[in-house]
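Q: Now for the letters of each chain:
Protein chains: 2
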Amino acid sequence: MAEKQLQNSDKMQRIIQLLSTQKAKLFRREYLDLHVHEQAQIFAELDQTLRSRLYRYLTAVEVGDMFDAIEEEPEEVVKYFQEMPISYAAKVIDEMYTDNAVDILAYAQNKDLTHYLLALPEERSAEIRSLLHYEDKTAGALMTTEYVDIFASQDISSAIKDIREEAADAELIYYAYVVTDDNELIGVVTLRDLLTNPEETLISEIMTDPVISVPVDEDQAEVARKVRDYNFVALPVIDYANKLVGIINVDDVIDVIDEENAGEYSGLAGVDTEETPEDPFRASLKRLPWLVILLFLGMSTTTLIDHYEGLISQASILAVFVSLITGTAGNAGTQSLAVAIRGLSDSEEERRSGWKTIISELSTGLLTGIVTGLTICVLVGLWKNNWILGSVIGVSLATAIIVATVAGSIIPLVMDKIGVDPAVASGPFISTLSDLTSVLIYFNIAHQFLNFFINA
Amino acid sequence: MAEKQLQNSDKMQRIIQLLSTQKAKLFRREYLDLHVHEQAQIFAELDQTLRSRLYRYLTAVEVGDMFDAIEEEPEEVVKYFQEMPISYAAKVIDEMYTDNAVDILAYAQNKDLTHYLLALPEERSAEIRSLLHYEDKTAGALMTTEYVDIFASQDISSAIKDIREEAADAELIYYAYVVTDDNELIGVVTLRDLLTNPEETLISEIMTDPVISVPVDEDQAEVARKVRDYNFVALPVIDYANKLVGIINVDDVIDVIDEENAGEYSGLAGVDTEETPEDPFRASLKRLPWLVILLFLGMSTTTLIDHYEGLISQASILAVFVSLITGTAGNAGTQSLAVAIRGLSDSEEERRSGWKTIISELSTGLLTGIVTGLTICVLVGLWKNNWILGSVIGVSLATAIIVATVAGSIIPLVMDKIGVDPAVASGPFISTLSDLTSVLIYFNIAHQFLNFFINA
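As given, the protein sequences belong to chains U and V, one line each in that order.
Just so it is clear: in the first sequence, position 150 is 150 by the UniProt record's numbering, and no numbers are missing.
Just so it is clear: in the second sequence, position 197 is 197 by the UniProt record's numbering, and no numbers are missing.
By construction, these hints were calculated from the structure, which means they are not laboratory data.
Given the structure is predicted, the values throughout are model-derived calculations rather than measurements.
Since no wrong hints were added, every one of them can be taken at face value.
Where chains are identical, the list cannot tell them apart; a pair therefore holds if satisfied intra-copy or between any two copies.
Here are the simulated DSBU-like cross-link-like pairs (lysine-lysine), alpha carbons at most 30 Å apart as the crow flies:
1) Lys-286 with Lys-417
2) Lys-11 with Lys-226
3) Lys-356 with Lys-11
4) Lys-226 with Lys-243
5) Lys-137 with Lys-226
6) Lys-161 with Lys-243
7) Lys-226 with Lys-286
8) Lys-11 with Lys-243
9) Lys-286 with Lys-356
10) Lys-25 with Lys-79
11) Lys-79 with Lys-226
12) Lys-111 with Lys-79
13) Lys-23 with Lys-11
14) Lys-243 with Lys-137
So here's chain U without its partners, still in its complex pose (with noise of 0.2 Å):
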């Protein structure tokens, strides 16, 4: 991606030639002149000659800023700690934040882990180590512990003197968290708060109370659901005990939304498009294997067509509408399997009951199907001026649309419930389910009028 990006960018390459060309003070004065994330741009187009003068030439602390801002894959990322020395590479940890540090340490090898855990300070050790236990895609994989914290028996001025002083090393210091003595969280004030309030104030009388937060094992889609519901900044992260274990920050939860949407995406369309790689080669292997499934239970479809083939070769008009039939239905089935995914996005408070959806779903279905039969019975009607099979095909249709739809709605809430993630490929998987079943309805109601049809 930062490919094109560089290409375009006269400047980018000469901070790249400087560092070729060894100017390691030239190169230090622009390439620490841009924002990080530039700067990670460019650190992503290094091999690894470049990337080894590159730490030569800057400190750990600046190596540490700018891998905060890294956008590559995390088991990517740990692969450049293991061309740096290990003081290095500990340095480069300890400066980072503690949520990034932590998603990339979790793809280290357990003996470089143990390696990078004793070079750093204690107190970074154990922070890192115990973050490393929480599991993935929940509050505790997301969250820092890098937040500021106050008494509520501070006043104003006290309070900004110590965000002054943590102020270097939190990741955010725009709320700063009321906990007690034993670390349990009781309110949150804002810098607006500090700010536009006498500086004698105590932090009790101005604190928001009760505060807004999710728990340490809280799904992660539930808790981009509450930033994005409240507008927060950051969003605080407790244990059983209310005791406050970390924040999480908008930025990284902007990470999250797009993530989830990216899965339900990709669900629809049996690919997944964040991974896609520019390579044909390497692309191709990403896609067949959705293929080539999605090909053997299409043969599931054929094997019934085959069982009617005798039906088929008395009345070849028969085969004319197949496609139209399990197509149409297989639209209707992935209209509702859309929705029925989205529903599922919503927060555990908001969604509908599984009966209620599906109840919902087969009245829709219902009224779509009829709407859409009697269309199709009109046309073909017309059009080959024969209204029983006109009458056939809409039936057909109409009864194949109300099962893909109820389908489509039931499918996700089951793979839901059982813990399958349906935003794999439900989308194909609808339509060859809904190949199937409109197949079996559509022949088996064709079956009772076939002396209708033989050289309609």
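Go by the hints and put chain V onto chain U.
A: Quick look at chain V alone, frame taken from chain U:
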């Protein structure tokens, strides 16, 4: 949506009860104690009688704060203003953040709008009038004019004094934008910078420049990308002469990201999942247009198959494989389409050129087509013990996949070029188009080998 949360919350039920029984004082105390997001959820549950009562119990300032958190569609919210006396409505609008007020007023009737603007303080009225001119889905339409600006020649203590004064009105005080006398944007400082440097430091010494900003006519998707890439809490908006005209906050950007993602997603399924109501009758009305349009498009495939009915009546085995070929090619086309649409959401610089995309998709289509074609050739060859039939199906499928894959990448590019949103029902379109080409390819190839299939 709020309905379900309220059922789970006795507290919220009690507050509505207090309003119903005209307990003004108790109602005020408990209602105002809630977060505005929760206040807005309760408000959404009230009927017109209770809403009128609420306007009497609360000041316009309190209602204005709550209106900033309302999540209903602006065309709905604007109706609430009509329920209030004009001077009260104007005060509510005055209290709201300008960007939110403008979003809603964009749906007001001209007569009402004139009344509100006349009742507002002159400065506010001018601000709102100017923002109403910006095109929907641009930076101008997203931005707010309540920001903090300072001069480079100020020192930190004077800047903090300015921020304190503006804090009550500004939507975001964590960044202060540095401007010239002409309001040209030349730098930015964060509150963190101000708190961690000595009070006598000049702003010019610590400000970050140049500032990352967006032009006022920038597309909202590009704005969202910048905020996400740079992890900003807000992004300044400038006009053609580099003058600061507003800022965009991260919470508004989150809504944009959701909106853009939902658009892509809805397009893949041919249904607007965001606006699909729960009522089956209205849901059907939303889904039917695409179903029926696609049904008519599907009729073209049907007519084409009808054209080959003679072929089918001679070799009914051919009908057995139509669904498999159209279905699999459709899956391949949808994969390619999803990747292409996601690619369009990358920023201008990150995008691959159109030709590069097409050549890359052609290669991917070739590879996936050949592998899938070989697979089905073997399957059918073994199943029917007819390797010529297997080869015809294999070659047809491979060709159909190649065509569908390339079409899937070209169609969104073309739609984007001619200014049509590729997210509109593009998923079902590609399936339908690919059905047509697949059938054409299949029957033409099959026709050449007809003698081998008769009574196969």
